[in-house]
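S.K.: Can you make the complete structure from the sequences, with help from the hints?
Number of protein chains: 2
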Amino acid sequence: MPRVTGTKKAILDAALQLAATKGITGTTMDEVAELAGVAKGSLYYNFTNKDQLFEELLEQGVGALAEVLREARSGLHGWAALEALVDTLLGRIQENSALAKLMASEIFRTDRAWQKTLFALRHDALAEFAAAIAESAPDSAARGTHDLMASSVFGAVLMGGLEWLVFEPERTKDEVAATILQALGGQLRPAGS
Amino acid sequence: MPRVTGTKKAILDAALQLAATKGITGTTMDEVAELAGVAKGSLYYNFTNKDQLFEELLEQGVGALAEVLREARSGLHGWAALEALVDTLLGRIQENSALAKLMASEIFRTDRAWQKTLFALRHDALAEFAAAIAESAPDSAARGTHDLMASSVFGAVLMGGLEWLVFEPERTKDEVAATILQALGGQLRPAGS
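As you go down the protein sequences, you meet chains A and B in turn. Quick note: the first sequence uses full-length UniProt numbering, first residue 1, plus one each step. Quick note: the second sequence uses full-length UniProt numbering, first residue 1, plus one each step.
Calculated from the structure, these hints are not laboratory results. Check each hint, because a few of them may be wrong.
Since the list gives no way to pick out one identical chain from another, each pair is judged satisfied if it fits inside one copy or across any two copies.
Derived lysine-lysine pairs resembling BS3-like cross-links, with alpha carbons at most 27 Å apart [to be verified]:
hint : residue 1 : residue 2
1    : K173      : K50
2    : K116      : K22
3    : K40       : K50
4    : K173      : K40
5    : K116      : K50
6    : K50       : K22
7    : K8        : K173
M.R.: Take a look at the structure:
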């Protein structure tokens, strides 16, 4: 996906900023134009309407996420790949918590104009987790439950990551990654239970 | 928390239905009155404004969740308590997916009038997970990371549960619970890795 620059980037950044606080429905095109510092004519030249703007914003955001996850996993397998994916996803949540919050509130909405695009991209991002899980837990691949596990692991990192940023910001990223990996690495189930 | 009945319940049910599809910001008091089948006078007699309505809705929903989680854990410890909590939370998500979606999109918003109430109740619900985790992984309690782990485990169940309802509805609840517990039970980390 080509990176956007200039006016378009200023508009997308402003829209994300506003939506992270007020939600997409609560954000108006007028506010986006004002925060981005662009004329309304220029805003509508770049994006026909609000639906198209947010479709592109989520497409960029989730598409870029799938890309860095693919890179993080490359050359690694099983648990080692999972460690790299958890660390990378956590890093992205830290760098762009506005997008993480927006994703958390959008990925299960079924009434949005951009639903199909988002579901497809979401699948790409989760596929990286599913592939690592199929390697480290071959049973799950055989039963076809690796997609469901991937979603759970993604949810663990997303919610753990947002908890960190909102409630325990004094921790380091490495500490948070280690904690989530302990939870996923069997520490919660004492041997023999 | 006393259960609400009659008009108040009809209003809260209608508000939840609308917010699950359109978001809280996209829902108007007029629509709530219409769907609930009550006069606007009656709506405003019960709730001063939309903020108060949704604060009460989330208070009821998250409060009731904390209550059933407390009951589910009672008499159990460590991993067995965690198994019961995962199963119970999944059951609640299945019974009330509208509330689960709303919670997923609200728990990290920091601009809401009801933020304090929701943070406190969210803490009560997570505390049940944190207590079970502190028992099954005493190390995490010693390091003070059991709250963060609780959030991750909650996120794993919430996102796994919504994935199930939206994308893999043919699975049974027991199958989904077992899959999430495998992910949390160490199956993802092969011995020696």
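S.K.: First find the shortest C-alpha distance between K40 and K50 inside one copy, then the shortest across copies, and answer within, between, both or neither for a cut-off of 27 Å.
M.R.: within (12 Å within a copy, 31 Å between copies)
S.K.: Tell me, please, which holds for K173 and K40 at an alpha-carbon limit of 27 Å: within, between, both or neither?
M.R.: neither (40 Å within a copy, 50 Å between copies)
S.K.: Evaluate K116 and K22 at a C-alpha cut-off of 27 Å and name the case that applies: within, between, both or neither.
M.R.: both (23 Å within a copy, 17 Å between copies)
S.K.: Classify it for me, K173 with K50: is the Cα-Cα distance of at most 27 Å met within a copy, between copies, both or neither?
M.R.: neither (34 Å within a copy, 38 Å between copies)
S.K.: Evaluate K116 and K50 at a C-alpha cut-off of 27 Å and name the case that applies: within, between, both or neither.
M.R.: Classified as within; 17 Å inside a copy, 31 Å across copies.
S.K.: Measure nothing new, just compare the shortest in-copy and cross-copy C-alpha distances for K8 and K173 to 27 Å and report within, between, both or neither.
M.R.: neither (31 Å within a copy, 45 Å between copies)
S.K.: At most 27 Å between CA atoms: does that hold for K50 and K22 within a copy, between copies, both, or neither?
M.R.: both (14 Å within a copy, 15 Å between copies)
The structure does not agree with the numbered hints 1, 4 and 7 stated previously, though it agrees with the rest.
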